[in-house]
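Asker: Hints are included, so try docking the two chains, each in its own frame, into the full complex.
Chains as they are written, first to last, in the numbering used here: chain B, 16 to 682; chain G, 137 to 416.
Calculated from the structure, these hints are not laboratory results. Careful: at least some of the hints might be erroneous.
Between beta-carbon pairs, the in silico distance windows are [unchecked claim]:
hint, chain 1, residue 1, chain 2, residue 2, range
1, B, Ser-438, G, Gln-408, 55 to 63 Å
2, G, Leu-310, B, Thr-266, 55 to 63 Å
3, B, Ala-125, G, Met-137, 49 to 57 Å
4, B, Met-671, G, Ala-241, 34 to 42 Å
5, G, Thr-181, B, Met-497, 21 to 29 Å
6, B, Met-497, G, Gln-408, 40 to 48 Å
7, G, Gln-408, B, Gly-282, 55 to 63 Å
8, G, Ala-241, B, His-115, 55 to 63 Å
9, B, Gly-282, G, Gly-268, 43 to 51 Å
10, B, Asp-409, G, Leu-310, 52 to 60 Å
Listed below are the simulated DSS-like cross-link pairs for lysine-lysine, each with C-alpha atoms no more than 25 Å apart in a straight line [what the hints assert, rightly or not]:
hint, chain 1, residue 1, chain 2, residue 2
11, B, Lys-74, B, Lys-142
12, B, Lys-351, G, Lys-204
13, G, Lys-230, B, Lys-477
14, G, Lys-350, G, Lys-382
15, G, Lys-148, G, Lys-230
16, B, Lys-484, G, Lys-204
17, B, Lys-412, G, Lys-163
All C-beta atoms, glycine included, are put in the ideal place defined by N, C-alpha and C.
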Amino acid sequence: MSKIGVFVCHCGENISATVDCAKVAETASKYDGVAFSVDYKYMCSDPGQSLIKSAIAEKGLTGVVVAACSPRMHEPTFRKACAEAGLNPYMCEMANLREHCSWVHEKGEATTEKATDLVRILVEKVKYNQSLNEIRVPVTKTALVIGGGIAGIQASLDIANTGHKVILIEKDPSIGGHMSQLSETFPTLDCSQCILTPRMVEVAQHPNITLYTYAELESLEGFIGNFKAKIRRKSKSLDEKLCTGCGLCTTKCPTKKIPSEFNEGLGNRPAIYVPFPQAVPNKPVIDRIHCTYYTKGKCRICEKVCPTQAIRFDQEDQIVEVEVGALVIATGFNIKQTDFFPEYGYGKYPDVITGLQFERLASASGPTLGEIRRPSDGKIPEKIVFLACAGSRDPAKGIPYCSKICCMYIAKHAMLYQHKVHSGKSYVFYMDIRAGGKMYEEFVRRAIEDDGVNYIRGRVSKIYEKNGKLIVNGADTLLGAMPIEIEADMVVLATAGIANDGAEELAQKLHISYDPYRFFAEAHPKLKPVETNTAGIFLAGACQAPRDIPESVSMASGAAVKVACLFSQDELTREPIIAVVNRQAPPAYSSCVGCFLCVSACPYQAIEKEEIRNRNGELIKSIAKVNPGLCQGCGTCVAFCRTKSIDIQGYTHEQMYTEVLALLNEY
Amino acid sequence: MTLGFYPGCSLKGSSREYAESVLAVAKAFDVEIEEITDWNCCGATAAHNLNKELSLALPARILSLAEKQGLKEIVVPCAACYSRLTVTKHELSKDPLLKATVIEANGLDYSGSVSILNIIQMLDKYITPNLGGRVVKPFDHKVACYYGCLLVRPHEILKFDREEDPQSMDILMLKTGATPIDWAYKTECCGAGLSVSRTSSVGRLSGKIIEDAKDRGAEAVIVACPMCHSNLDMRRDAINTFLGEKVDIPVLYITQALGLALGIDRKKLGLQRHFVKVTV
Ligand SMILES: Cc1cc2nc3c(=O)[nH]c(=O)nc-3n(C[C@H](O)[C@H](O)[C@H](O)COP(=O)(O)OP(=O)(O)OC[C@H]3O[C@@H](n4cnc5c(N)ncnc54)[C@H](O)[C@@H]3O)c2cc1C
Ligand code: SF4
Numbered sequence: 016m017s018k019i020g021v022f023v024c025h026c027g028e029n030i031s032a033t034v035d036c037a038k039v040a041e042t043a044s045k046y047d048g049v050a051f052s053v054d055y056k057y058m059c060s061d062p063g064q065s066l067i068k069s070a071i072a073e074k075g076l077t078g079v080v081v082a083a084c085s086p087r088m089h090e091p092t093f094r095k096a097c098a099e100a101g102l103n104p105y106m107c108e109m110a111n112l113r114e115h116c117s118w119v120h121e122k123g124e125a126t127t128e129k130a131t132d133l134v135r136i137l138v139e140k141v142k143y144n145q146s147l148n149e150i151r152v153p154v155t156k157t158a159l160v161i162g163g164g165i166a167g168i169q170a171s172l173d174i175a176n177t178g179h180k181v182i183l184i185e186k187d188p189s190i191g192g193h194m195s196q197l198s199e200t201f202p203t204l205d206c207s208q209c210i211l212t213p214r215m216v217e218v219a220q221h222p223n224i225t226l227y228t229y230a231e232l233e234s235l236e237g238f239i240g241n242f243k244a245k246i247r248r249k250s251k252s253l254d255e256k257l258c259t260g261c262g263l264c265t266t267k268c269p270t271k272k273i274p275s276e277f278n279e280g281l282g283n284r285p286a287i288y289v290p291f292p293q294a295v296p297n298k299p300v301i302d303r304i305h306c307t308y309y310t311k312g313k314c315r316i317c318e319k320v321c322p323t324q325a326i327r328f329d330q331e332d333q334i335v336e337v338e339v340g341a342l343v344i345a346t347g348f349n350i351k352q353t354d355f356f357p358e359y360g361y362g363k364y365p366d367v368i369t370g371l372q373f374e375r376l377a378s379a380s381g382p383t384l385g386e387i388r389r390p391s392d393g394k395i396p397e398k399i400v401f402l403a404c405a406g407s408r409d410p411a412k413g414i415p416y417c418s419k420i421c422c423m424y425i426a427k428h429a430m431l432y433q434h435k436v437h438s439g440k441s442y443v444f445y446m447d448i449r450a451g452g453k454m455y456e457e458f459v460r461r462a463i464e465d466d467g468v469n470y471i472r473g474r475v476s477k478i479y480e481k482n483g484k485l486i487v488n489g490a491d492t493l494l495g496a497m498p499i500e501i502e503a504d505m506v507v508l509a510t511a512g513i514a515n516d517g518a519e520e521l522a523q524k525l526h527i528s529y530d531p532y533r534f535f536a537e538a539h540p541k542l543k544p545v546e547t548n549t550a551g552i553f554l555a556g557a558c559q560a561p562r563d564i565p566e567s568v569s570m571a572s573g574a575a576v577k578v579a580c581l582f583s584q585d586e587l588t589r590e591p592i593i594a595v596v597n598r599q600a601p602p603a604y605s606s607c608v609g610c611f612l613c614v615s616a617c618p619y620q621a622i623e624k625e626e627i628r629n630r631n632g633e634l635i636k637s638i639a640k641v642n643p644g645l646c647q648g649c650g651t652c653v654a655f656c657r658t659k660s661i662d663i664q665g666y667t668h669e670q671m672y673t674e675v676l677a678l679l680n681e682y
Numbered sequence: 137m138t139l140g141f142y143p144g145c146s147l148k149g150s151s152r153e154y155a156e157s158v159l160a161v162a163k164a165f166d167v168e169i170e171e172i173t174d175w176n177c178c179g180a181t182a183a184h185n186l187n188k189e190l191s192l193a194l195p196a197r198i199l200s201l202a203e204k205q206g207l208k209e210i211v212v213p214c215a216a217c218y219s220r221l222t223v224t225k226h227e228l229s230k231d232p233l234l235k236a237t238v239i240e241a242n243g244l245d246y247s248g249s250v251s252i253l254n255i256i257q258m259l260d261k262y263i264t265p266n267l268g269g270r271v272v273k274p275f276d277h278k279v280a281c282y283y284g285c286l287l288v289r290p291h292e293i294l295k296f297d298r299e300e301d302p303q304s305m306d307i308l309m310l311k312t313g314a315t316p317i318d319w320a321y322k323t324e325c326c327g328a329g330l331s332v333s334r335t336s337s338v339g340r341l342s343g344k345i346i347e348d349a350k351d352r353g354a355e356a357v358i359v360a361c362p363m364c365h366s367n368l369d370m371r372r373d374a375i376n377t378f379l380g381e382k383v384d385i386p387v388l389y390i391t392q393a394l395g396l397a398l399g400i401d402r403k404k405l406g407l408q409r410h411f412v413k414v415t416v
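Next comes chain G alone, as it looks inside the complex (with noise of 0.2 Å):
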């Protein structure tokens, strides 16, 4: 069966590195993987501040597309994309109405068949299981699992993982090798969209993230977010402007570390383009 992928606006700019490595380990077990045709942007924050239709439409209109190429499954791996598409879904399943709105809107056919998987339950369901053997590199170090806002929450409604003390990128990351840490800040907020208004504050919300870390002596930071990452990456210059000294862990997507233990090229998961300089 084909995998459907939104990769979404990130994916496509500030955060390549990221969709270059999902592909990339997607590739090494034989999954296919196909884009959905003409997809737009989730909406993101802005949407959902400002529209209530618009914040569901944009998303249905994904899903729509992806119907309509007959695929199945897809596969998120921005947190934020994963948690608005997810959101939609369930609005939509609820209110029939608004169901009807939103077609309307978009022009376009919408039954909610698409099943959504973000990047760890696609992990867990299409390489881990097939993982014996494959590691070649294990990702030996110490690793602070950082979750986010997004990736757990509403838990209401995804459903996913403890959304307190989430575990699950924290057993895959044992599947590598690696020796995730016990801390405090994997679901406190790295300040998301203020990266660009108010990159103070992202300093001192990332900051706190990072000296947690840093005081547990992780040795690098595993994330599966494109806004996080960028917040924790190239942010770093405002956080150690925070924390007064230079803090230099890098921060990697968890496919990065998965293609890293399974052998991968380093260029081919991008890790090349981080701002702070990947040296595990």
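Isolated chain B (complex conformation) (with noise of 0.2 Å):
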């Protein structure tokens, strides 16, 4: 006879406001098989927990039915208070009253009576309950960054010199993602390559880091502390090994004018080449797209000059397996580009640029040296306008967020601008500043006040040329929205940070789960920044919203924080919620037919052939077998099965069907 003692959770008000818990916990007294039953404020607190406890101890209790939030945020604390009385953590269920029931309802008799039946299924589920015990499965003490960022160099490092293997993959020929774009760094203005470069080097150099640039997730399997994962090296038509990095070839080759992605399109590179000069690794790769070689068939022209004879034509793409504990995704973020803005052109003029391509024409390592020149001319421009908000902040373009990055790289560029060009004038467009940060608000005031940069608070609402210039319609909102035109040189859209291309690609792989704009999600928005909804995997840096780089480097240490915890245990715990075979006594064995549907049907292949023999080692039977290690508790097989002969402990068939009877009170 079932023992089960019921706990009508208030959560506060959250609960109580709306349902009448003290009625509810009488009626679950009266239900057969209950000993107890009692409600109470916070049962999560301590005092709470304690209730519970005594209760198990005091009564003999066999069941537990606590009815209270939702289980993803509670069931761990009861049952651990159930496992700390001696209960089966698993001998413990929860009503949801408040997610399912409170929150979502009306106060009112039949709001209680709908959280009387949720109480009800679950104390008639928990008679069938079995003691369950926890999964134990190793853990591969290896990490798999995704990303060659500073948020992916940082969580790289960082694993690394906690002892751990890192193995990091980069999707382009070098690290260093946008970070090495960037001229100067806000609020310090420091070089912004100065600081990078020595950590790109140390990644190249770490006795603990295996680096593949050019290289991208192919696909990944297994869970947390057992990933599998398929990296696929693209060619990059190069021996390494041989290669010194001379860069002969890159001066020799004959496609010289393919607009090159790290200046932004704002300059040219060769077909084969090395994407910047402090790009690590320093080798060349060989674009096949652009290259002669590749689309006409003819050329080879690097391969004569190659002085240790590295070029490989006829290298192929190479699909490497690894398998590892952990991964922290660090794909970064995109910008939009002009194309985007029909009211400033749709991209049309070469004088209307991004932030990015601001960066490139600071740079000293950019198309100009350095020098601040527009992209058409090449003249200087004397009055250069900067547009924030760029698509950012408006519903109407679909981004309604805050890219939150640029009012402080405006204020760095406008600042810039003006150290470079004495007798310039520039104009910042804003809707408000947002310089919340360490030495930011500080920052922005130096641009308005010590360097003279006109900020108008207001939107721009067209841009068009005339005559050689740019004109900048826009409003004043602090002078009664007058009406400004401003005959510009030189216009910079600070354009919406968006998620990268292929993010929800990418996420679908992961099984990872990603925001509306594309953005991966984190686990809890407050608690959880860094984890994901998957065990095991973890965000760091702009992928997961934009992000500056003290945020994108603290988010990737916190990172690496998480995978250092996990790897410091030898083995980890997994709920035993997994799928089962039955077997019963002889003859019969199991009532599985051993048709293996089910074999195809698991996403996991968790489900193997079992041959059962008899003592002369003849087979009687095959059936199927579910490997523990493997099974993800998804229940797929369960659906597939004919014989209904696959359940999934804690959810058996038997278990269901008294949930759906006790909920129309056939009990």
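Answerer: Now the structure itself:
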């Protein structure tokens, strides 16, 4: 005979404001098999948990139903409390009276009745619960970091410095990400390359880090502690061991007019190229889309000039399989291009540029060697206009969020411009100045007060070209929306920061979720900012939302600590919520008839064939068997099984039917 | 199929030549056109500034009459009327309560079944596909296609062309042999109803439009809205005062320009009715 305890929580007022908790507890006390029933203000508090523990001890409870919030919130809390009182934790169930009832209904009798029903079905279910034990799995102590921007670099170094192995993959020919493109960085104006390059080199030389550039994730299988990843190393058409990085090939390549990605299209690069002088690794790749040999079948000049015969035209992509225990995703972000803005000319004016293009113009390694010259004719602009919130904070453009970094980099840009062009005039159109951060507001004030940048609060409705000038039509909302027209030589749009192309596909490969803007979703916006909903996969940097460098680095170190915590254990425990094929006494052995439909249905390849043999070793029957290490408890096989021979532990057919019958008041 | 025709007030008065040219072009291609009987004013700017229900009931009455007359599709050459009728159809389709109120006020059935074409859509549907070989006098001029405010806005409702840099008139004019110019004032406001109350404002706003067209070498401005036309044409004195020079670039309705290319008689297109002499 079951002895079940029911514990109804008020959740402060979250539940009790609409549900009559005392009545729910009282009704439950009358159910068959309920030995104890009580309501309490905060079940999750220490006294609340003690209430459960002492009831288990005193009444000898065989099952517990906690009627409170979502099991996602507190199931572990209550199961632990039960375990401490000597009850198998899987004999504890939660009825969700908060998310499923009090929060979504008005106060009233019907609401209390629904709460009662929710308790009822779990009381009946728990009667069929069985003691279960956690599954132990080993941990592979190697991390896979995807994306070699500053976030991926920092995460890799931190993990590697705890003594664990790291595999870092970067899709481009060099690591560095967007930070390598920046000229100077706010709020200190130190040179981006100068602070970044040492870390890039450290990554390349670290004994614990394996770096694969020009590589992408092909597929991922497995689960926390035990992932199997396939990495596609795209062919660089190069034998990296032979290449000395002399660069001769890049100077001799005849296909020179390819817009340089690194310079945001403001300069050109050859078909065999190193993206920038400080690249890591400093060895070229051949861009097969543009290379004359691959497109027209003739050329191979690089091969002829290479002093070490390192060019390999017939090299193929290589798939590398690795086993890792955790992943850090640090694939960063992108920005909208100027062609996203019809009101600013659909990208047809060469002197309307993006913030990243301005970074390249201001950078000593850029196409103008750091002189601010406009793309159309190379003249130094005498008047320059910066537009904040280009696309951001604009629901009509589908980007209602604030891109966060642009207010700061615009102040930086205007400052750099004033430092370089003393006679120049600069204007910033802004909505609000968002400069929250250490030394950030001071930085913006410096731009306004010391460097004389004209800040105008208002939006720009239109930009058009006339007589070689860009006419910028805006309004000054601090002067009663006074129309303003500026004849500018160059305009910089602080275009919205957005998720990468292909972010969804990557998220799907990783089985992690993403938000409506395709940024990867953290597990909890406040308390789990670097975790994803998939155990063992962590986030760092701007792939989660637009972030500046200090934030990206902090996140990366946070994610690295999470990985290190995981790797500090030799074994992990997993919930025993997995599928099992039933076993019966001979001669049936199991109701499984060995059709093995489930084998093809299982997305995790967790089902094997088991042969049952008699003493003489003769085969009696083949039945399905679930490998508990691989099973994820998704239940697909249960739905496929024609003879209902498979059950998910803790969610058996019997338990489900019981719940339904309880709901229909069949008891 | 017969195409319904809602002229609206302007096309019966100050912009009679717009109506004349629409009908002349339609006739040249045997498009059967039937005016909506007993139509009323769409409410223009006044109604929707005063009373929402009234501003919807007036256009709804027109659509009800069209339904009653068995019309499936109507052309509304005036950009402002087109905007009001389309907005009404949209508002009533998403608010059954409002629809019921309006039906009761009008005492006429309304199902929302009539599709509404602006002049460009009408030409693209019935005229340009059959244009081949019919352009006898190519309109060989540099033209500034001026869309104004209402032909493309509000974009969420009209879903016509690109709101910031529309192209449909330019594409159409290309087919008449014209060379549309790239210019900056395609969708700037001409001053609209201030024509009467503050003519000097119209002089300034329309002046900038004419100035940009002139600076970029346009020989004619092409419009699809009676209000725009009257401001750019009839208010040319105010414009010239603002500009401090005499600019005599003519302003043509798109149907007039098309009509000329088709070789239709200038009088039938009403070209003599303009204030700025049509020299092209
Ligand atoms: C114009 C501009 C100016 C800025 N100025 C400053 C400043 O002054 N100070 C400051 O603090 N911040 C600044 N920032 C912000 C700064 O660029 C970001 O904070 C930083 O780049 C974020 O780093 P990240 O590593 O998260 O992403 P990223 O820099 O975007 O790096 C991501 C990396 O992952 C790689 N990757 C992407 N997808 C994949 C994939 N599927 N597989 C493998 N690799 C992949 C990319 O190639 C890239 O190398 C600026 C940003 C902009 C746009
Ligand atoms: S950071 Fe500033 S410029 Fe960028 S979206 Fe936010 S408010 Fe606009």
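Asker: Hints first: check each against the structure and report whether it holds.
Answerer: Outcome of the hint check:
For Ser-438(B) and Gln-408(G), the Cβ-Cβ distance of about 56 Å falls inside the hinted range of 55 to 63 Å, so the restraint holds. The hint said 55 to 63 Å for the Cβ distance between Leu-310(G) and Thr-266(B), and at roughly 46 Å that hint is violated. Ala-125(B) and Met-137(G) have their C-beta atoms about 56 Å apart, which keeps the hinted 49 to 57 Å range intact. At roughly 57 Å, the beta carbons of Met-671(B) and Ala-241(G) sit outside the given window of 34 to 42 Å.
Between Thr-181(G) and Met-497(B), the C-beta spacing of about 25 Å keeps the proposed range 21 to 29 Å intact. The hinted range of 40 to 48 Å is satisfied by Met-497(B) and Gln-408(G), whose Cβ atoms lie roughly 43 Å apart. Under the hint 55 to 63 Å, the C-beta atoms of Gln-408(G) and Gly-282(B), about 59 Å apart, fit the expected range. For the hinted restraint 55 to 63 Å between Ala-241(G) and His-115(B), the CB-CB distance of approximately 46 Å leaves it violated.
Range check, Gly-282(B) to Gly-268(G): Cβ separation about 47 Å, and the 43 to 51 Å hint holds. Distance hint for Asp-409(B) and Leu-310(G): a CB-CB separation of about 33 Å, inconsistent with the stated range 52 to 60 Å. Only pairs whose Cα atoms come within 25 Å are accepted, and Lys-74(B) paired with Lys-142(B) is accepted, the gap being roughly 16 Å. Between Lys-351(B) and Lys-204(G) the CA atoms are separated by roughly 50 Å; this puts the pair beyond 25 Å, and the hint is violated.
Distance check on the hinted pair: Lys-230(G) and Lys-477(B) sit about 32 Å apart at the alpha-carbon level, beyond 25 Å; violated. Our distance criterion of 25 Å between C-alpha atoms is met by Lys-350(G) and Lys-382(G), whose separation comes to about 11 Å. Between Lys-148(G) and Lys-230(G), the direct Cα distance comes to roughly 32 Å. Violation of the 25 Å bound is thereby established for this hinted pair. A C-alpha spacing of about 55 Å is found between Lys-484(B) and Lys-204(G), which places the hinted pair above 25 Å, so the restraint is violated.
Restraint check: the Cα-Cα separation between Lys-412(B) and Lys-163(G) comes to about 43 Å, which exceeds 25 Å; the hinted pair is violated.
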